[in-house]
Structures are given as C-alpha cells and as structure tokens.
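**Q** Here are the chains, one letter per residue:
Number of protein chains: 2
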Amino acid sequence: MTAREAKQENLEQTMNDGLAAIEQAMFDVTNSEVEVLRDASHHILNSGGKRIRPRLLLLSYLAVGGHDINHIARPGAAVELMHTASVVHDDINDHGIMRRGRPSVNSIWGRTFALLTGDFLFTAVYELMSPYKDLNIDLANSATALVEGETLQASAVKNNNFTREVYMRIIALKTAALFKASSSIGAKLANATDEQTEALANFGFNIGLAFQIIDDILDIVADEEQLGKTSGIDMEQGRGLGVALQNNGTAVKEDPMESIKRKMLEGDTIEKGREQAQQLVDMAIAGLHVIPESDAKDELIALAKLVIERNY
Amino acid sequence: MTAREAKQENLEQTMNDGLAAIEQAMFDVTNSEVEVLRDASHHILNSGGKRIRPRLLLLSYLAVGGHDINHIARPGAAVELMHTASVVHDDINDHGIMRRGRPSVNSIWGRTFALLTGDFLFTAVYELMSPYKDLNIDLANSATALVEGETLQASAVKNNNFTREVYMRIIALKTAALFKASSSIGAKLANATDEQTEALANFGFNIGLAFQIIDDILDIVADEEQLGKTSGIDMEQGRGLGVALQNNGTAVKEDPMESIKRKMLEGDTIEKGREQAQQLVDMAIAGLHVIPESDAKDELIALAKLVIERNY
Chain D
1 MTAREAKQEN
11 LEQTMNDGLA
21 AIEQAMFDVT
31 NSEVEVLRDA
41 SHHILNSGGK
51 RIRPRLLLLS
61 YLAVGGHDIN
71 HIARPGAAVE
81 LMHTASVVHD
91 DINDHGIMRR
101 GRPSVNSIWG
111 RTFALLTGDF
121 LFTAVYELMS
131 PYKDLNIDLA
141 NSATALVEGE
151 TLQASAVKNN
161 NFTREVYMRI
171 IALKTAALFK
181 ASSSIGAKLA
191 NATDEQTEAL
201 ANFGFNIGLA
211 FQIIDDILDI
221 VADEEQLGKT
231 SGIDMEQGRG
241 LGVALQNNGT
251 AVKEDPMESI
261 KRKMLEGDTI
271 EKGREQAQQL
281 VDMAIAGLHV
291 IPESDAKDEL
301 IALAKLVIER
311 NY
Chain X
1 MTAREAKQEN
11 LEQTMNDGLA
21 AIEQAMFDVT
31 NSEVEVLRDA
41 SHHILNSGGK
51 RIRPRLLLLS
61 YLAVGGHDIN
71 HIARPGAAVE
81 LMHTASVVHD
91 DINDHGIMRR
101 GRPSVNSIWG
111 RTFALLTGDF
121 LFTAVYELMS
131 PYKDLNIDLA
141 NSATALVEGE
151 TLQASAVKNN
161 NFTREVYMRI
171 IALKTAALFK
181 ASSSIGAKLA
191 NATDEQTEAL
201 ANFGFNIGLA
211 FQIIDDILDI
221 VADEEQLGKT
231 SGIDMEQGRG
241 LGVALQNNGT
251 AVKEDPMESI
261 KRKMLEGDTI
271 EKGREQAQQL
281 VDMAIAGLHV
291 IPESDAKDEL
301 IALAKLVIER
311 NY
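Protein chains in written order, with the numbering used here: chain D, 1 to 312; chain X, 1 to 312.
Chain D with its partners taken away, still in its complex shape (with noise of 0.2 Å):
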C-alpha cells in the first residue's frame, strides 16, 4: 500500500466512524417514549437516503483540520433530520405515496400523525442543537429559509407565476440554505478561518443550488421505479424546473403539464438545466483554492461531482 492509499482508507474510516456516529444521534434523538413517533421517525431514516448534507457537514470539518468524529455527531444529525422534517411535510402536501422506495410516513400513519411526525423531528433538531450556542443561528436562518422556500413554492404553484428568477429564489431558499449551514458549521466547528468559512459556505450554497435543479430534472426524466419516490408529482403539480424554464418570465395560461411535455420533447429544459448545474458545480470547485489540499478537500470535489453526476 502506498502513503497515498493509506492516507485514503483513513479518511474512509474516519468518514464511516463519522457517518455512523451521526446515524446513532438521529435514532438516539428520535427514540421517544410515543410509539408512533418513534417508529414513524425510524421508519422515514431507515429508508435510507444520500446523507449527503451530513457528509458535507463532515468532510467540510475534516478539511479544514478537524479530527474529533464526536464533536460533529449532532450538528450532523441536526442538519439531516431538518432535511427529513421537511420531506415528511412535503409528503402530506403532495400527497406522496412513496418516498425513497419505501411507502411515505403520510401513507402508512396517516396526515394527522404525519404532521406530527414532522413536527417532532423539528423539535428534535432543538435538542441536538442545544450545546451549540453560536452555531443555532446558523441552523435557524437555514430553517426559516427552508419553510420560506416551501411557502413560495405552493404560492407560486397556486398564483401560477413560476418565473425563472421564482424558481432560483425558491432553490435558495429551500435547498442551497441547509446546505450552506451544513458546510459552514463544519467549518466552524473546526475553528477554520473566518476566509475559509465562507469559502466553504458559497461551496455548500453552489452544490445545493445543483443539487436541486438536478432533482427536478430526475424527476422529470426518471421513471418512478428507479427513482423510488412518488415521480412526476413536482411536474404535475406544476413546479419545478420544467415550469421553470419554459416560462422565460411570463406566466403560461395553457395545462401546465402540456406545455412542459411539449417543450421536454424538444429537450431543451434539461439540457440547459444540467448547463447551469455543471456551471454552479465548478464555481463551487473553484472557490474552494484557499482550502489546504487534503483529501478531505479531494472528497468534497467528489461530492460536488457526484451532485451532477448521479442519476437517482
């Protein structure tokens, strides 16, 4: 084995030791008394899921020098539970029947206890998040964004006015945030400088912004196996990318879903969608040069191309 291989299977020991210390933190926190709670909140996090704002979380820590796996089990864990609050909400608005291969919250305990499940995760990030005193402003912006993002979405699928510019203040809010709160908190809790803070703050902003326009287009383009969740319901429901860039500002009176099947035979939605992510993705890349080379630093270049690379 070379100094280079070694150096990499540590990291991914030190990337598993991480990971599994913040899956203990989230069924550790979720493990109520209330049944329903309990087995509603495991259920949605053995679903699994890509983790992937823990693992922002954990490798923007690692690169910029930290070391100890326990000091970043909760934050981890507070950032992927916001996440999954959501998704269970989501879920009762959307009506989703499936979520990551696996029946919704929504459809197996029902709206009532659904909401509460979410609720209850919500409340969960309080509780992780308490030793954290400079850290809770930053979750807290990224969760007001976050139901902020949700909010503009349902008013501009209600009001009909899913512009371009709708569309990437809805991503920011709704995505982009968390995932900047996930890069920056990592940094943060390895005392990284103030210069390379918000380098890896604009990294996790950018990656999230490319994350999300690549969902919409998986769930235009995927077929609802391989996706595993409820596909084509942003799409009917006439959000999303494909309503986005069709629109070019102005406000389309046709069936929504006509017209984005329409202009998705042409191809240029996705094609142009997937342009603007592998743009965000490199500006991210690049804005990460005040970050010491490392392999963490490696990872988190591999997990900006894995956002634009993926197809599930």
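Heads up, simulated EDC-like pairs for lysine to aspartate or glutamate below, C-alpha to C-alpha not over 16 Å straight-line:
no., chain 1, residue 1, chain 2, residue 2
1, X, 7, X, 298
2, X, 133, D, 134
3, D, 133, X, 134
4, D, 158, X, 35
5, X, 158, D, 35
Some chain X residues near chain D, calculated using beta-carbon distances under 8 Å:
no., residue
6, 113
7, 126
8, 130
Far from chain D, by Cβ distances over 12 Å, these chain X residues were calculated:
no., residue
9, 42
10, 50
11, 198
Note that these hints are calculated values from the structure, not bench results.
Note that the Cβ used here is the ideal one computed from N, Cα and C, for glycine as well.
Given chain D, put chain X in place with the hints provided.
**A** Using the frame of chain D, we list chain X on its own:
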C-alpha cells in the same frame, strides 16, 4: 398613594413593558419576506390569546430578582410561538374553523399554508433561542413533549383508549411541560437558586395541568360565541376531560359523544375536574414558600387562581 400602591403600580408598568417587548420580538422574528408566512403568522398573533406562558416566564423572572426586561423578550416570545405553532397545526388536524374569535389560519389560507406557517413558527423559535445555550435544552424538551402529547392524544382517540391515566399523561406532555419550561427559564435567567428554580418549575407544571383541565371543561360547557373558537371539537373527536373521566379505565364501545353527553347531565365530570384543578393550584401556590415575598410573587399566585377562575 401608599407605598404599597406605588410598588404595585411599578410592577404593573414592568409587566406591561415586558409583555410589549415580548410582542415586539414575536412580530419581528415572524416578519418574513414571504408574504403568506408573515401575514398568516401576524394574523394568528393579532388574534390575541392570553399570553399566559410569557406572563409566567416574566413573573418567574421578576419573583426571583430579575430586573432587565430586555433579557426576557426573546425567551418569552419563544414559549408563546412554540404554543402558537402547535395551535396552527392543531387546527389542521381538527379542521378548526375559528380560533380566538377569528377565522383559523387553516380556514383562510388552506391546509398547505397552515402546515407551513406552523413549521415557520417552530423555526422562529430556533432563532429566538439561539443566544441561550443553557436554556435551549429546557425548551427543546418541552417542544418534544408538546408534540408527543398531541400524538398520544391522536393515538388515544384512534384506539379508543382514553383512560384517566392516559389523559393525565397527555396533558402533562402537551401543556404542562411548556408551562414548566416557561417558569424555569424565567427563574434561570434571573440566576435563581436551584431550590427556587425547582419550586417555580413545579409551580408552572401544576398550573399547566390545571389550565388544561379547565380548558377541557370550558370546551364542554362554553357555547361557541363565548369561547371564540370552534367549541365542542375536542368532544366530538372523543378526546379531552369528558371522555377521560367517564371512562374510568375501561374503553367505551358506544358512541363516545353520546356517553359524554349522558355523563355531563349527571354533572359529575365537570365537578370532579374542577376539584382536581383546584387541588393542583393549591399545591402550586404552597410550593412557592421558598420564593421571597414580593409583588411579583403575589401576581404569580393571582395568575394561578385566574387559571381556575376564568370562564373563557
């Protein structure tokens, strides 16, 4: 004006200033750029409400020597917004049309926006509490309890096992825990001794239990106009004091609404509930002997009495 009168006027002024600062913090933190969230949050906040949790926090703070009103504005706003979040989500699950004499968020903005408004209020609490590392765990625990209590209630209705024990456990979690957090946070902010903090925590917990029992009684007896919210809903859905007290530990197979009404005519349920609430308030007041005499302590005692004497 006697010295005693002057002191009381002074307390009244301090209370008014404190509550005004709390109102300001609530409106500031919910002043979102996203119109629906801002409007719906301000609608429910403008609908009044007794502000009993912030009052409890403020009086607990003053009763153990606190004097800086600015110090309690954010935590005071946090406990009220936590309660308000659960109220907005309750109205979704219960299909509540009226709340505090005005149309519910749900009935004006619809289910999707009501769900997101509740989420938004939960996230506003993160921001309010971010400067208070040591108090976050108290608030976190009460937040989890709140959602656990609501969930137990929904489960008990679904499974028709609304026993007296289950009822007490539900109200301890969904109401008394946040009352307890309010008084103990107030005490801790004023650097109270452990003995004083525990006394005030128990005080909050006991009047919280009494408050919920009286609330359930009022829900049974009050007509819709007087109470200012969709009355009778608790009963119709087979939850609350009426069901609990008439079950006596055994599940009732007949229509719950029918058996509650029959029991009501005997007058037993309401009488027993009032007695229990009275005992809880007596106990709460007795426990305050470790708190030095002051106008604030007198006001705490008056607050406890108001909890059972109110008829709205």
